[in-house]
Amino acid sequence: MTTPQLTLRATGRARRRLIVNRVAEVAAIAAALSAIVVLGIMVWSVASRGISALNLDFFTKGPALFGQSGGGIAPAIVGSIVLVAIATIVALPFGVMTAIFVSEFAPKQWADQVRLWLDTLNGFPSIVIGIFVYTLIVKEALPVLGIGGHQSAIAGGVALAIIMLPLVARSAMEVLALVPNGLREGSYALGVSKWQTVVRVVLPTSLGGILTGTTLAIARAAGETAPLLFTCAIASNAVDWNPSHSVQSIPLTIFTYSESADPNLHAQAWAAAFVLIVFVLVTSLTARFLLDRSRRKLGLHR
Amino acid sequence: MEAASVPQGETLAPSRGLRDRLGDKLFYWLTGIASLISVLLVLGIIWRILKGAWPAIQHFGLSFVSNNVWNAPLNEFGARDLIIGTIVTSFGAILLSGPISVAIALFLSEIAPPAIRGPAGTLIEMLAAVPSVVIGLWGIYVLAPFSAQYLQPAISSVLGWIPIFSNGQDKVESTVFAAILVLTIMTIPITSSICRELFLGVPEELEEGAIGLGATRWEMVKTVTVPSVRGGVIAAVILGLGRALGEAIAVTQVIGNFIPLHRSIFEPGDTLASRVANQYQGAITNLQISSLIYLALILLVISFFANFGAQLIVKRSDRKLAGS
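Protein chains in written order, with the numbering used here: chain A, 1 to 302; chain B, 303 to 626.
No wet-lab data here; the hints were simulated from the structure. All the given hints hold, so there is nothing to weed out.
Covered, in the sense of this in silico footprint (three residues per stretch, anywhere, with C-beta under 8 Å from a C-beta of chain B), are these stretches of chain A:
no.	region
1	12 to 21
2	104 to 116
3	191 to 197
4	210 to 223
Positions of the beta carbon are idealized from the N, C-alpha and C atoms, including for glycine.
Required output: the full structure, derived from the provided sequences and hints.
Below, the structure is given as structure tokens:
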């Protein structure tokens, strides 16, 4: 006599459900892989085409005369440093003060409003911000202060600062919210006033997080092209540290070179893109790593 | 007779209380004004853009939106095909990136082993850190040629009977389709990282309940994980849309800057942001500059509503999740 064979193999409907499940999993894995592969191909294309044009001249000389090979992007590197420095000087204090007000003083409703408007600002297209600064201090001089009236590193820096502001403020708010209330209460209990508590206790505790958030914003600003188009685009070919002059910048150099017909300039564009991508990826990876660490240090890691 | 004098200021300097009171007030107002400025910036941008566009608004009126010319020598400007181009490219991009992003987020939150989650998530977020001008450069010289050589002929050989997929001129590299691909790549990290956070936030008991009832992982995702954060997922896609709508540089590099639009997406086209970016050196007359600002205004209105809508949806779904 025979006993019916028992198997653990799914059949019929159960089998179909398992197959559907497997297909879905494979699709999800494929999606994630494809995104990583695209990043890999992108970085590899930039590196393989960019490294060959990299040499000392590239970092120390200005652009070659038309038709000649060689040359470098020294003015653009200097210009980008000037622009990002101005943007940071403007955005950091505003961003941090906004965050302090929201986390230490403001009633919850007002804090929610500030968050909402900052997110809206963050969602504005960067080209619109460029146009805004153009209408504000490039097309005509700023009333009262009288700065502007022409393209300048100040105008470009202000445009980049508006890009950075919501990023700095939001990350600072997040870090300030992680500072344990016990620290604040301890300080009050010792009779320390509110502003002293903020300056001497809250800010030092959260400084690491605020700075790494700022670094992420710098990495973003350094790669922005659109805000500079109308504010700081037409510049001389010489190295220029003067913020009231219009200066060259790395992203804009890549943009104009990429649309030119000269193969030498294409090579330069790839090399500049390589420099930019290395800077941006290294700074954002480091900042992210430090941010995770400072979050953990504040005792609230997820 | 001398009054018994009470020694003063031995324990606290008399100015201390005053300094603290003033300091607190000053600090309050300083930070308050900073946060007010951050908020007013949004209104200031809208006001200045409106003011800058005013000459063009007066000159063309609302017919600017429906006109389809961009002729600098004749001082005739209109935005119709630029608006259509903006909508086609960004909706095309989120149609592609939405499902891919949700799949990536599901991989990162539900499927991937813990050792892979961190690094894979970081890599995908790094895609967001790549500057748009670099993606555009790569788009011109790597992606667009590849797409013109292989993808476009393949798609139009299958779907060519639908007009928007019909075969364009032979091997045109700068196309609307190339712009859609570039925008897809740019929106994936935004949408997928928000979705991942949402999926991670779904209460584990709910998911385990589904598994306990015998659901497969896919059935759990389909019936529990995704439905419980549906609003958030929609908002994440809309945030990606906002990014796609406003992207100027990478699009202007690959799209070919051509209007009127063709019927097929395998032909050159243009968008609002791309047109503004492309004209940065060419705008001479005041009316042309003002028309460019008008374009920026239309773009601002579109993206403002997209972002505001997304935030409202997020808020509502947050509240629902907190209530449950």
